[in-house]
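The residues making up each chain are set out below.
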Amino acid sequence: MAGRTQRLKDHWQEHRLFLTRVIGAAVVVVLLTGALVWRLVHLQVVEYERFSGLLQRNQIRVEPLPPTRGLILDRAGRILAENIPSWQLVAVPEALEDFEATLQSLELMGLVDPVNHAELVDLVGSQRSRVDRVTLTNLTEEQAATFAVRRYAFPGIDIREGLIRNYPYGEAAAHVVGYVGRISEGDLERIDGADYKGTSQIGKTGLERAYEDVLHGTVGYREMVVNAHGRRQSLETVPPGALEEQLPVPGQHVVTALDIRLQLAAQEALAGYRGAAVVVNVRNGDVLALVSTPAFDPNALAMGMSQSDYTAVRTDPDEPFINRAIGNPYSPGSTIKPFVGLAGLFYDTAYVHEDHYCNGQYRLPNSSRVYREPRRVLPHGETTLYSAIVRSCNVYFYGLGVDLDIDGMEPFMKAFGFGARTGIDIGGESAGLMPGREWKRSAFSAREDQSWYQGETVSAAIGQGYVEFTILQLAHATAAIAANGQRFRPRLLTATEDAESSELIDSPPVLLAPVSGVDEADWQEIHAAMVGVTTDERGTGRAAMDGALYSVAGKTGTAQVVGLAQDAAQPNLEDVEERQRDNGLFIGYAPAENPEVAIAVIVENNGGGGSTAAPVARKVLDAWFGTEEQVFELAAN
Amino acid sequence: MSSLRIEPARSPWPRQLPVAMPSLAVDIPLLVTLLLVSGLGLVVLYSAAGGSESAVIRQSIRLGAGLAAFFVFAQIPPRYLRLWTPWVYVAVLGLLLGVMLSGEIAGGSQRWLDLGIIRFQPSELMKLATPLMVAWFFHERTLPPAFGHLFVALLIIAVPAFLIAEQPDLGTALLIVAAGGIAVLLAGMSIRLIVAGAIAAVPMAWVAWKFLLHDYQRTRVITFLFPGDAPTDATWNIWQSQIAIGSGGTFGKGWLNGTQAHLDFLPESSTDFIFAVMGEEFGLMGLVALITLYLVLVGRGLWIAVQAQDTFTRLLAGTLSLTFFVYVFVNAGMVSGILPVVGVPLPFVSAGGTSAVTLMAGFGMLAAISRHRKLIGP
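Chains as they are written, first to last, in our numbering: chain A, 142 to 778; chain B, 46 to 423.
Misleading hints may appear alongside valid ones.
[What the hints assert, rightly or not] Just the calculated beta-carbon pair ranges, DEER-fashion: (1) A:PRO226 <-> B:THR295: 48 to 56 angstroms; (2) B:VAL266 <-> A:PRO226: 51 to 59 angstroms; (3) A:THR161 <-> B:ASN302: 43 to 51 angstroms; (4) A:GLY327 <-> B:PHE256: 52 to 60 angstroms; (5) A:GLY194 <-> B:TRP300: 19 to 27 angstroms; (6) B:ASN302 <-> A:GLY334: 35 to 43 angstroms; (7) B:ASN302 <-> A:TRP179: 24 to 32 angstroms; (8) A:LEU304 <-> B:GLY95: 34 to 42 angstroms; (9) B:TRP132 <-> A:ILE164: 29 to 37 angstroms.
The set of hints was computed from the structure by calculation and includes no laboratory data.
Cβ coordinates follow ideal geometry from the N, Cα and C atoms, glycine included.
Pulled out of the complex, with its shape left as it was, chain A reads as follows:
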């Protein structure tokens, strides 16, 4: 064989060579095995604790248990904001097939707003996010039913039950109660994100925002075993008792001073107007009603409005989102007169003790400038402080203003809270403006604009010019008149109620610095004049208050709207004209002899306060005190 010739090679030598090589290989095998075992010792003995901890972190997921949001109640315990079961459309990323296509079908079915398309794709597509469910949108009952029928066609999409905020009175209390919405980037800056794990909504405006920390509650958590896909699992090696659980603490209920019947009455009385009404309790500052019209639907916002619907509300020329009661100061017009008159009595000027003659126009001393009564107002003739308030004589107050000067009026007005935020416990309050020399110096840059002119004092004396008050400020100051200078901070929250124990923690009324130094007789004189407004046969508020079962002390106001005429951007002529009409105002308190409530009303661009705002106030006060019809009804039963 061919092999035989090969046997000439040195077999012993070859065997020895092979043996050395095998021994060398065996050494390498032992060394490599040693390295492997050393590695295993390192992992399993040296770093055992660390890897055990990592294993825990791996498979124990802490699931947040969001707290139930507290209710918002009115003074009688009627629910203004609650939580109701709702349906949410959720995606289960693990089970999804083609999310893009699925989402498009859902959009075609009208279940998901296409505006959120990209955002949702990002959210669901993020790898290893390890969330087992992504909430796509809230569904109405009808939408949930629509989806349920076709669920088979959407693998990975499911309906989950959740809670959603509901406002039973809808628009009526929209501005004061506010609404909740999806937590935004901005919200995240003012909250601790950890407290909101598992919560998707947060108070955006009104009480919902102001008392967010009370309403929200404390988040709980539950440890659970999850697999690599975030799905919940049970493991024999981890008994349920070994997993920690901390139940959430539900948010507290906010008990407010509001009376929803009064609120509804005010909303109804203002229906069709742009306007606002505020009713406060004279004796403790409770805000019984705070209405701004037109309003918006807070339920639609909590549900998640489509972008187009939201834009429609946002760009509505009537600006429904503006809270006209606190966030939009107005020229008070003649409603300022009782305060100016009281200033005259306070400073004890000779002017208020003398009779003056109104010939329909007023000439500034040392000037040719003439100020007239409004058109269609006849000269008032002989005028006293009483008749000047009752009949709302401008000429009398022009003279009184000049007599007091702005330096006299400004501090006295500010003592009533004008020109500063009242401190009501919801956001969005405007400070309004009670002008003065100091203000004018700082507010204008041009030198000639910085000095105060007497003509501006004249305007301020009848609540025009720079003077701007909020309706809340007017109600608050009227309450101060009614209580002879005693002032309470306007408040909405009167108590918090523990959701579990129903324990009430009352929040006491807060006294503010009173209007001091005014003689009892001076208060009486102003009270009498304001009663005259509604009772005197020449009183500007008499028609509106005629036949009331209670006595009202009040004052009407008609404020000119300036500045809009120059606004060339106004597209509609008719619209421009409408918006140039006077604003009507009314302030008052009742019952006049033993005041309980004070009210302030504005009706925008609809003419004089006596004919527009005062009737609104009458309806609201009727709702509080009752009407003749109701009395008959009671008697009949």
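For this one, chain A is given, so just place chain B on it according to the hints.
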């Protein structure tokens, strides 16, 4: 020794065909250790597959087929094996080419050869055919090998390795290079050449990195060399397997109590990463026991090699034993994080078909060499 059957000393060229003398008389230490490893593997697999009996049954069938291969190859006298070797090598090379061509027609990567009833990877067969061929080649030559012979051996190794790397199956290609390289080293390639080869390997590695590796393979190597802190998709698997092993501690959590596999944190838990499952459930003790069993197999194989009487059987036995160790080390090293991720199964423990059969066939050859070690004298 351990061979139960003593062949009478007769003519070195028996007339009868190998199939005419079937016998269960095989190398007992090899057989016992193989059965122990396989049994342990089935126990671990049951847990790794989430308590799936069907996975255990399927693996038992594969191991049974492997044992059959073991017994069949144990019956083949090594000299017949040697005579067939060139034909086997050429045939497997042909299969590889066939797979490549059909893959190109199908327009994608192709590793499997479908024979209707069974599908297998020709590259798996190459793991046996290459060391066989190298051993055959050196059997006829004087050792230590001349330079020209080394070049031929290099071709024998490089051609199938290249074809398999093109499939692309870098793991198997590297294992074939390792098997061939071990054979060449055992044949007595001079140390100077080894050093020179190591130096030459540097530019070759660069060429491979630049032109031969696929992106995902490069990612694996980068992942291994620079793991970084944040677990990305690429480091996720290896990180989870280290958590599994580390949290097993010294004695493990007990059978079926490992959570990493059951909660799907471990990828490929019943195949490539089954070592981690074992580490979690049986701890350091379990892994050391398994490694010890593997070392017994390697040691027994080397012992058989040392005792073998001709160049072919010596080289074949030595190469098969050491290659087996490479499989074990590459898998365990990858799973425990000291080697990059290469898709190499853990012998006899990972669920999987072809590798169990070819490995068992290799051990069958070892058993045959053990049995015939005294029969062919110099």
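Here is how each hint holds up against the structure:
1. Between PRO226 (chain A) and THR295 (chain B), the C-beta spacing of about 52 angstroms keeps the proposed range 48 to 56 angstroms intact.
2. A beta carbon spacing of about 55 angstroms between VAL266 (chain B) and PRO226 (chain A) agrees with the range 51 to 59 angstroms that was offered as a hint.
3. At about 47 angstroms, the beta-carbon gap between THR161 (chain A) and ASN302 (chain B) stays in the expected band of 43 to 51 angstroms.
4. Between GLY327 (chain A) and PHE256 (chain B) the CB atoms are about 54 angstroms apart, so this pair conforms to the stated range of 52 to 60 angstroms.
5. Remark: the range hint 19 to 27 angstroms for GLY194 (chain A) to TRP300 (chain B) is upheld by a beta-carbon distance near 23 angstroms.
6. Taking the beta carbon of each, ASN302 (chain B) and GLY334 (chain A) are about 36 angstroms apart, inside 35 to 43 angstroms as hinted.
7. At about 26 angstroms, the beta-carbon gap between ASN302 (chain B) and TRP179 (chain A) stays in the expected band of 24 to 32 angstroms.
8. Look at LEU304 (chain A) against GLY95 (chain B): about 37 angstroms separates their beta carbons, and that is inside 34 to 42 angstroms.
9. A C-beta distance of roughly 34 angstroms is found between TRP132 (chain B) and ILE164 (chain A), which places it inside the suggested range of 29 to 37 angstroms.
No hint from the list above goes unmet by this structure.
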